[in-house]
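> Sequence:
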Amino acid sequence: MNKHLRDLIEVANFDKQIDDLGPKIDEVRKELDEKIRQKNQILKNIENLHQEYNSINLEIAHHDRNIQETSLKLDTIAKKQKDIKTEKELRALDIEEDIAKENMTHSNNEIQRLEAVKSAKEEEKANLESQIQSLQEEIDVLESQTQSKVQEIKAIQQNLFDQKEALVAQMDNKITSFYAKIRRWALNTSVVPVFKQACGGCFIRLNDTIYAEILKGNDIINCPHCGRILYVPTDKAKVSSKTKAEA
48 MNKHLRDLIE
58 VANFDKQIDD
68 LGPKIDEVRK
78 ELDEKIRQKN
88 QILKNIENLH
98 QEYNSINLEI
108 AHHDRNIQET
118 SLKLDTIAKK
128 QKDIKTEKEL
138 RALDIEEDIA
148 KENMTHSNNE
158 IQRLEAVKSA
168 KEEEKANLES
178 QIQSLQEEID
188 VLESQTQSKV
198 QEIKAIQQNL
208 FDQKEALVAQ
218 MDNKITSFYA
228 KIRRWALNTS
238 VVPVFKQACG
248 GCFIRLNDTI
258 YAEILKGNDI
268 INCPHCGRIL
278 YVPTDKAKVS
288 SKTKAEA
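Mapping the sequence shown onto our numbering, position 139 (from 1) lands on 186, and the numbers just tick up by one.
Incorrect hints may appear among the rest.
[Stated by the list, open to error] Calculated lysine-lysine pairs in the PhoX-like style (CA-CA distance at most 20 Å, straight line):
| id | residue 1 | residue 2 |
| --- | --- | --- |
| 1 | Lys120 | Lys148 |
| 2 | Lys165 | Lys91 |
| 3 | Lys50 | Lys168 |
| 4 | Lys71 | Lys196 |
| 5 | Lys127 | Lys148 |
| 6 | Lys172 | Lys91 |
| 7 | Lys263 | Lys243 |
| 8 | Lys201 | Lys211 |
| 9 | Lys196 | Lys82 |
| 10 | Lys63 | Lys228 |
| 11 | Lys50 | Lys196 |
| 12 | Lys82 | Lys71 |
| 13 | Lys50 | Lys211 |
| 14 | Lys63 | Lys201 |
| 15 | Lys126 | Lys148 |
| 16 | Lys201 | Lys91 |
| 17 | Lys86 | Lys168 |
| 18 | Lys201 | Lys71 |
| 19 | Lys86 | Lys172 |
| 20 | Lys211 | Lys221 |
| 21 | Lys77 | Lys201 |
| 22 | Lys196 | Lys77 |
| 23 | Lys148 | Lys129 |
| 24 | Lys63 | Lys172 |
| 25 | Lys165 | Lys82 |
| 26 | Lys211 | Lys228 |
If you are wondering where the hints come from, they were derived from the structure by calculation, not from laboratory data.
All chains should be modelled from the sequences, with the hints used to inform the complete structure.
Spelled out as structure tokens, the structure:
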């Protein structure tokens with residue numbers, strides 16, 4: 048097999064091994080990441096409660112001002128009642144007084160309702176903060192448990208990466224650039240074996256001429272259908288060549 052092709056197969060194998068370790072890190076961190084997600088969601092809920100709490104305080108302040116203004120208005124009405132001269136004036140003041148009292152009653156009722164809502168929000172916030180504390184304790188334990196495992200996997204990844212880089216440094220830049228362009232879209236199926244005379248990437252059958260060239264292993268050959276780099280494993284290539292020779 049062509050040395051350049053052998054090197055490409057090895058580089059592709061390193062890339063696959065490195066990428067395959069990514070999900071293992073995710074799996075190790077799965078429970079930890081879920082706890083962190085839960086914590087962040089609760090923090091968002093607490094922030095929402097804080098905003099709602101502030102809005103309630105603004106409403107209470109509005110009704111407090113309304114009560115103060117209405118109280119002053121009732122005092123003014125009481126003073127006017129002393130100077131009433133006609134029945135018409137009396138009826139008008141009575142109506143004005145009733146409306147003012149209704150407004151004051153409404154504001155008082157609203158303040159009571161809002162205070163109850165605020166109290167419930169405070170209780171809910173305290174409950175969420177307790178959950179945050181419990182989750183943080185779990186997160187601290189899980190971080191301690193997973194850190195060494197993650198570092199171990201990352202060390203393996205780094206070792207594979209270093210081996211790959213050492214090999215790439217010895218290869219022709221044109222070949223590595225060619226591989227990199229294919230890998231951008233084909234990922235870990237950039238260099239694939241031929242199986243039953245079909246591309247191992249797109250699975251379309253290859254014609255006899257191209258297949259024969261791949262069996263020789265003298266050149267780097269792309270699939271005419273998808274563009275992936277093709278090769279026949281050494282043991283299968285020997286068997287196929289022997290079969291063709293006997294034929």
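> Now, for every hint given, state plainly whether the structure supports it.
Quick rundown of the hints versus the structure:
| no. | hint | result |
| --- | --- | --- |
| 1 | Lys120 / Lys148 | holds (10 Å) |
| 2 | Lys165 / Lys91 | holds (18 Å) |
| 3 | Lys50 / Lys168 | violated (71 Å) |
| 4 | Lys71 / Lys196 | holds (10 Å) |
| 5 | Lys127 / Lys148 | holds (16 Å) |
| 6 | Lys172 / Lys91 | holds (11 Å) |
| 7 | Lys263 / Lys243 | holds (16 Å) |
| 8 | Lys201 / Lys211 | holds (15 Å) |
| 9 | Lys196 / Lys82 | holds (18 Å) |
| 10 | Lys63 / Lys228 | holds (16 Å) |
| 11 | Lys50 / Lys196 | violated (37 Å) |
| 12 | Lys82 / Lys71 | holds (18 Å) |
| 13 | Lys50 / Lys211 | holds (16 Å) |
| 14 | Lys63 / Lys201 | holds (15 Å) |
| 15 | Lys126 / Lys148 | holds (16 Å) |
| 16 | Lys201 / Lys91 | violated (32 Å) |
| 17 | Lys86 / Lys168 | holds (19 Å) |
| 18 | Lys201 / Lys71 | holds (10 Å) |
| 19 | Lys86 / Lys172 | holds (14 Å) |
| 20 | Lys211 / Lys221 | holds (16 Å) |
| 21 | Lys77 / Lys201 | holds (16 Å) |
| 22 | Lys196 / Lys77 | holds (12 Å) |
| 23 | Lys148 / Lys129 | holds (19 Å) |
| 24 | Lys63 / Lys172 | violated (47 Å) |
| 25 | Lys165 / Lys82 | violated (29 Å) |
| 26 | Lys211 / Lys228 | holds (17 Å) |
Violation of the numbered hints given earlier is confined to hints 3, 11, 16, 24, 25; the remaining hints are satisfied by the structure.
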